[in-house]
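Visitor: Sequence:
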Amino acid sequence: MRTTDQEAFAVTSHAKALSVRHVNEIVPLGGVTRDAFSRKLTPGLCRRLPVLAGDTVHGVTAATVAVEADSAAIVLVASASIARHVNARF
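The opening residue of the sequence shown carries number 1 in our numbering; numbering runs sequentially from there.
None of these hints come from the bench; they were simulated from the model.
Computed from a predicted model, the values in this text were never measured in an experiment.
Computed list of lysine to any residue pairs in SDA-like fashion (alpha-carbon distance at most 25 Å, straight line):
| id | residue 1 | residue 2 |
| --- | --- | --- |
| 1 | 40 | 2 |
| 2 | 40 | 50 |
| 3 | 40 | 8 |
| 4 | 40 | 5 |
Based on the provided sequences and hints, a complete structural model is requested.
Guide: The following block contains the structure:
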């Protein structure tokens with residue numbers, strides 16, 4: 001993916017995260033109710049950030065790299081009998 005496309009996505013994504021209209025897209029978990037790493041990105045700021053990995057066409061910059069706190073979660077819903085069958089721990 002081209003760096004310019006990554007940066008355009010980052011600008012839009014951060015603007016949404018900072019927008020009051022999108023506040024309900026974050027599901028509160030453990031007292032966290034907002035994205036602590038959203039920042040006001042502009043195309044001009046993105047152009048000034050150095051490439052951290054890759055090249056100038058397809059590289060990753062500070063605007064497009066995942067912050068250390070990025071994570072993912074998965075939830076599996078199963079019956080008790082299936083959970084016992086796969087030896088799931090609760």
